[in-house]
Amino acid sequence: MYSIKHDVLDWVNGMCKWFVCHLLRPLCKQIDELDSLIDQRGLGHLSCRQAVLDMAALEQAKSATSGGIGIAGISSCAQNALAIPQTLVDLSLKHGKLPETKEHMALEKYLSIPGCLCRYYVIQRLHTLAQSDTLPDYIFDGGSNTSASAQEQPWNPTTHPTDDQLLLHLLCTFMDHTMPATQGPGLPFTD
Numbered sequence: 001m002y003s004i005k006h007d008v009l010d011w012v013n014g015m016c017k018w019f020v021c022h023l024l025r026p027l028c029k030q031i032d033e034l035d036s037l038i039d040q041r042g043l044g045h046l047s048c049r050q051a052v053l054d055m056a057a058l059e060q061a062k063s064a065t066s067g068g069i070g071i072a073g074i075s076s077c078a079q080n081a082l083a084i085p086q087t088l089v090d091l092s093l094k095h096g097k098l099p100e101t102k103e104h105m106a107l108e109k110y111l112s113i114p115g116c117l118c119r120y121y122v123i124q125r126l127h128t129l130a131q132s133d134t135l136p137d138y139i140f141d142g143g144s145n146t147s148a149s150a151q152e153q154p155w156n157p158t159t160h161p162t163d164d165q166l167l168l169h170l171l172c173t174f175m176d177h178t179m180p181a182t183q184g185p186g187l188p189f190t191d
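Under our numbering, the residues of the sequence shown are numbered 1 to 191, in order.
Rather than coming from a laboratory, the hints here were simulated on the basis of the structure.
We put the beta carbon where it would ideally sit given N, CA and C, even for glycine.
Hints may contain errors.
Using 30 Å as the maximum straight-line C-alpha spacing, the simulated DSBU-like pairs for lysine-lysine come out as follows [as the list claims (entries may be wrong)]:
(1) K94 with K109
(2) K62 with K102
(3) K29 with K102
(4) K97 with K29
(5) K17 with K102
(6) K62 with K94
(7) K109 with K97
(8) K62 with K97
(9) K97 with K17
(10) K17 with K5
(11) K109 with K62
(12) K17 with K29
Label-pair ranges, simulated between beta-carbon atoms [to be verified]:
(13) P180 with P136: 42 to 48 Å
(14) V8 with V52: 35 to 41 Å
(15) T159 with K62: 27 to 33 Å
Take the sequences, apply the hints, and build the full model.
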């Protein structure tokens, strides 16, 4: 008689390996490389670990600048272009066409977990989960514990996402990014 029990375990292991190989490790590598480049340019305050993109502020700033030069004049615009960006909104507005800025904005979609402002924990947790092929440190309804890593912050249910929330957000973002766009506004997977 056939039992699906053994197949399910194989499927779960396969999904864990897929998550690690196709989502977690490439994402961690991309974060580390981008943060290194940002640090080399003296913009460490804009690294993935430090800066969080305020989408509302970005939309407001884009709509304010799309109306033309305005009263400030051209000389003010030239000075602003030379100033060091202080926020990700500044970076996006002043250097939005640079490949590094585009990459950073794409990473923000993966790292911006709704209701979670603890970016450093999220990145630490991604690195911890990416260390093994089978996600042995994964906790469905929790997060890191102090025994997982001496450097990792312990999980706090009021400020940190559960591992389940983290991985589901990554999967949805990945699917939205890789699936063909649908007609009209919206995301192809989550809308």
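Taking the hints in turn, this is what the structure says about them:
Restraint check: the Cα-Cα separation between K94 and K109 comes to about 20 Å, which is no more than 30 Å; the hinted pair holds. Straight-line distance between C-alpha atoms of K62 and K102 comes to about 15 Å, which keeps the hinted pair within the 30 Å bound. Distance check on the hinted pair: K29 and K102 sit about 16 Å apart at the alpha-carbon level, within 30 Å; holds. This hinted pair checks out: K97 and K29 have alpha carbons roughly 22 Å apart, not beyond 30 Å.
At most 30 Å may separate the alpha-carbon atoms for a hinted pair to count; K17 and K102 meet this at roughly 28 Å. Pair hint K62 plus K94 holds up; C-alpha atoms about 11 Å apart against a cutoff of 30 Å. In summary, the hint linking K109 to K97 is supported, as the alpha carbons are separated by about 17 Å, within the 30 Å threshold. For the hint pairing K62 with K97, the CA-to-CA distance comes to about 14 Å; that is within 30 Å, so the pair holds.
Between the alpha carbons of K97 and K17 the distance comes to roughly 35 Å, so the proposed pair goes past 30 Å and is violated. Only pairs whose Cα atoms come within 30 Å are accepted, and K17 paired with K5 is accepted, the gap being roughly 19 Å. For a cut-off of 30 Å, the pair hint linking K109 to K62 stands: about 18 Å separates their Cα positions. Annotation: proposed proximity of K17 to K29 holds, straight-line Cα distance about 17 Å (limit 30 Å).
About 35 Å separates the C-beta atoms of P180 and P136, a value inconsistent with the hinted range of 42 to 48 Å. Judged by the Cβ atoms, the range 35 to 41 Å given for V8 and V52 holds: they are separated by roughly 38 Å. Take T159 and K62: their Cβ atoms lie about 30 Å apart, and the range 27 to 33 Å holds.
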